[in-house]
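No gaps in the numbering here: position 107 of the sequence shown is 107 in the numbering used here, and each next residue is one more.
Don't read these hints as lab results, they were simulated from the structure.
Predicted model, so just to flag it, every value in this text is computed and none were measured.
Be aware that one or more of the hints could be misleading.
BS3-like mimics (lysine-lysine), calculated; alpha carbons at most 30 Å apart, straight line [as the list claims (entries may be wrong)]:
1) LYS57 - LYS75
2) LYS48 - LYS102
3) LYS89 - LYS23
4) LYS28 - LYS48
Derived CB-CB ranges, DEER-like [stated by the list, open to error]:
5) ASP84 - THR110: 18 to 26 Å
6) LYS102 - GLY29: 28 to 36 Å
7) ASN24 - ALA90: 17 to 25 Å
8) GLY118 - ASN24: 32 to 40 Å
9) LEU85 - ARG20: 17 to 25 Å
Where is the CB? At the ideal position from N, CA and C, for every residue including glycine.
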Amino acid sequence: MFSDNKKPRPMTEFGGQPNRIEKNTKIKGDITSEADFRIDGKLEGNVKTSGKVVIGKDGYINGKVECVNADIEGKFNGELLVKDLLSLKASAIIEGTVSVAKLSVEPGATFNASCVMGKGAPVTTASPKLETAKSNEPAKAS
Numbered sequence: 001m002f003s004d005n006k007k008p009r010p011m012t013e014f015g016g017q018p019n020r021i022e023k024n025t026k027i028k029g030d031i032t033s034e035a036d037f038r039i040d041g042k043l044e045g046n047v048k049t050s051g052k053v054v055i056g057k058d059g060y061i062n063g064k065v066e067c068v069n070a071d072i073e074g075k076f077n078g079e080l081l082v083k084d085l086l087s088l089k090a091s092a093i094i095e096g097t098v099s100v101a102k103l104s105v106e107p108g109a110t111f112n113a114s115c116v117m118g119k120g121a122p123v124t125t126a127s128p129k130l131e132t133a134k135s136n137e138p139a140k141a142s
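Let the sequences and hints guide you as you build the complete structure.
In structure tokens form, the structure reads like this:
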């Protein structure tokens with residue numbers, strides 16, 4: 001009666017409804033959003049959001065995804081950059097490269113990816129600078 005529980009809560013930190021790509025929908029292209037995104041169809045391209053990405057059981061993404069959190073029940077192939085928590089459900093199939101701070105994997109999930117994990121995990125694809133030896137000097141092992 002006197003509780004604040006009855007107040008409507010925004011679905012995302014930025015307000016608004018999550019974006020959805022429904023089952024039997026196929027999209028080719030790049031998506032940028034500040035809201036959460038749910039994919040139940042197929043996406044060939046990249047997703048960049050400051051929210052959460054959910055790939056439903058029938059969903060599939062082939063491309064690059066950059067987000068804060070992700071829940072995956074469907075299929076993903078490509079580069080996955082998650083700033084906080086990646087949660088893989090039992091039906092998830094992941095292939096490619098993954099960079100994540102925290103990882104949760106349910107038994108039954110397929111995870112065939114190279115993975116960098118932890119708070120120091122890079123979240124961008126910038127190449128590290130490598131020192132090159134001068135052509136007349138042998139390489140030095142450190």
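The hints, checked one at a time:
At most 30 Å may separate the alpha-carbon atoms for a hinted pair to count; LYS57 and LYS75 meet this at roughly 8 Å. A distance of roughly 19 Å separates the Cα atoms of LYS48 and LYS102; the hinted pair therefore holds under the 30 Å criterion. With a CA separation close to 18 Å, the supplied pair LYS89 and LYS23 stays within the 30 Å bound. Distance check on the hinted pair: LYS28 and LYS48 sit about 14 Å apart at the alpha-carbon level, within 30 Å; holds.
The hinted range of 18 to 26 Å is satisfied by ASP84 and THR110, whose Cβ atoms lie roughly 22 Å apart. Checked against the given bound of 28 to 36 Å, the beta carbons of LYS102 and GLY29, roughly 30 Å apart, stay inside it. Judged by the Cβ atoms, the range 17 to 25 Å given for ASN24 and ALA90 holds: they are separated by roughly 23 Å. Between GLY118 and ASN24 the beta carbons are some 38 Å apart, a value that agrees with the proposed interval 32 to 40 Å.
Range check, LEU85 to ARG20: about 21 Å between beta-carbon atoms, so the 17 to 25 Å window is met.
Every hint from the earlier list agrees with this structure, and none is contradicted.
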